[in-house]
Amino acid sequence: ETGVTQSPTHLIKTRGQQVTLRCSSQSGHNTVSWYQQALGQGPQFIFQYYREEENGRGNFPPRFSGLQFPNYSSELNVNALELDDSALYLCASSEGGRGTDTQYFGPGTRLTVL
Amino acid sequence: KQEVTQIPAALSVPEGENLVLNCSFTDSAIYNLQWFRQDPGKGLTSLLLIQSSQREQTSGRLNASLDKSSGRSTLYIAASQPGDSATYLCAVNQAGTALIFGKGTTLSVSS
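Listed in order, the protein sequences are those of chains A and B. The first sequence stops at residue 114 when you use the numbering used here, and every number in between is there. The second sequence stops at residue 225 when you use the numbering used here, and every number in between is there.
So that you can see chain A by itself, here it is in the shape it has in the complex (with noise of 0.2 Å):
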C-alpha cells in the first residue's frame, strides 16, 4: 500500500510569485486536505476536496486555491505569493468524507518566500 506523496520536497520562490504543490493521496482514500504548519505552530486547516468538489475551507484568502481529479490526487495553488506563506504545506488524505475516519499525512513541502 503506497501512502501519501507530496511533491516537491523543498521549494523556494519570491513575493508576488504563483506556486503548485502536489499530493498523491493513500491508495483506497477519496479525500484529501491540506494544512499549513508555521514554524512551531500546529498545522491550520486550508481547505478538503472530497471526489473531486470543496468540502470544507478554512480561514485562508481566495488566493489560496486547490483542485482534486479524478484519481483523487490533489493540487494547491497559491498566488502573490507574501513572506508570511513560508511553511511547511502538508497533505492529508482519508477513505471517505466522514469525520470518523483518521487522516494520513504526506511528509510534506516546505515553502520559502523570500
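Read the hints as simulated data drawn from the structure, not as lab findings. As the structure is a computational prediction, the values presented were derived from the model and not from experiment. Idealized CB from N, CA, C, for every residue including glycine. Warning: the hint list may mix true and false statements.
Computed cross-link-like contacts, DSS-like style, restricted to lysine-lysine with a CA-CA straight-line distance of at most 30 Å [stated by the list, open to error]:
no., chain 1, residue 1, chain 2, residue 2
1, B, Lys217, B, Lys115
2, B, Lys156, B, Lys115
3, B, Lys156, A, Lys13
4, A, Lys13, B, Lys217
5, B, Lys182, B, Lys217
6, B, Lys115, B, Lys182
Some, not all, of what chain B presents toward chain A, calculated at C-beta under 8 Å [stated by the list, open to error]:
no., residue
7, Gln148
8, Lys156
9, Gly157
10, Leu158
11, Ser160
12, Leu203
13, Ala209
14, Phe215
15, Gly216
Got chain A; can you put chain B on it based on the hints?
Leaving out everything else, chain B in the frame of chain A:
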C-alpha cells in the same frame, strides 16, 4: 471557536520513564481526537485515533484516553526510549472535515 491546548510545551525525561502528555479542548462536540508524532521538519505520523464514543485506545507502549465532557485527552507513553523524542500533536475533528491542532509537546528522552 474550538481551541486546543497542549501542556507542557516541552518535556525532558531520562530513558525508561513513564510519562503523560496532556491535551485540552474547549468545545466537547467533537467527532474524534487524534494523536500524531512529528519529527523535525517532517510530516505527521498518526499514533492513535479515539472516536467520540470511546474512552481510550492502546497501541504498544502508547495509551490515549478521552474525557469528552471535561474536554481532555492524555497520551501515556510507557518505558520511554530515545527514539520517542519528537513533537507530539493532538487534534480534534469537530465539523467532520478539518482537524484543529494544538501547538504540540516537544519530548526529549535522554539515554
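Results for each hint:
1. Lys217/B <-> Lys115/B: Measuring from Cα to Cα gives roughly 16 Å; hence the hint holds.
2. Lys156/B <-> Lys115/B: Judged against 30 Å, a Cα distance of about 28 Å means the pair holds.
3. Lys156/B <-> Lys13/A: holds, 20 Å
4. Lys13/A <-> Lys217/B: holds, 27 Å
5. Lys182/B <-> Lys217/B: Holds. Lys182/B to Lys217/B sits at ~20 Å (cutoff 30 Å).
6. Lys115/B <-> Lys182/B: holds, 16 Å
7. Gln148: Interface hint status for Gln148/B: holds (7 Å vs cutoff 8 Å).
8. Lys156: With a minimum Cβ separation of about 6 Å from chain A (threshold 8 Å), the hint on Lys156/B holds.
9. Gly157: Status holds, d = 4 Å.
10. Leu158: holds, 4 Å
11. Ser160: Holds: closest Cβ of chain A sits about 6 Å from Ser160/B, inside 8 Å.
12. Leu203: Status holds, d = 6 Å.
13. Ala209: holds, 7 Å
14. Phe215: Constraint on Phe215/B satisfied, holds at 3 Å.
15. Gly216: With Cβ-Cβ at 5 Å, under 8 Å, it holds.
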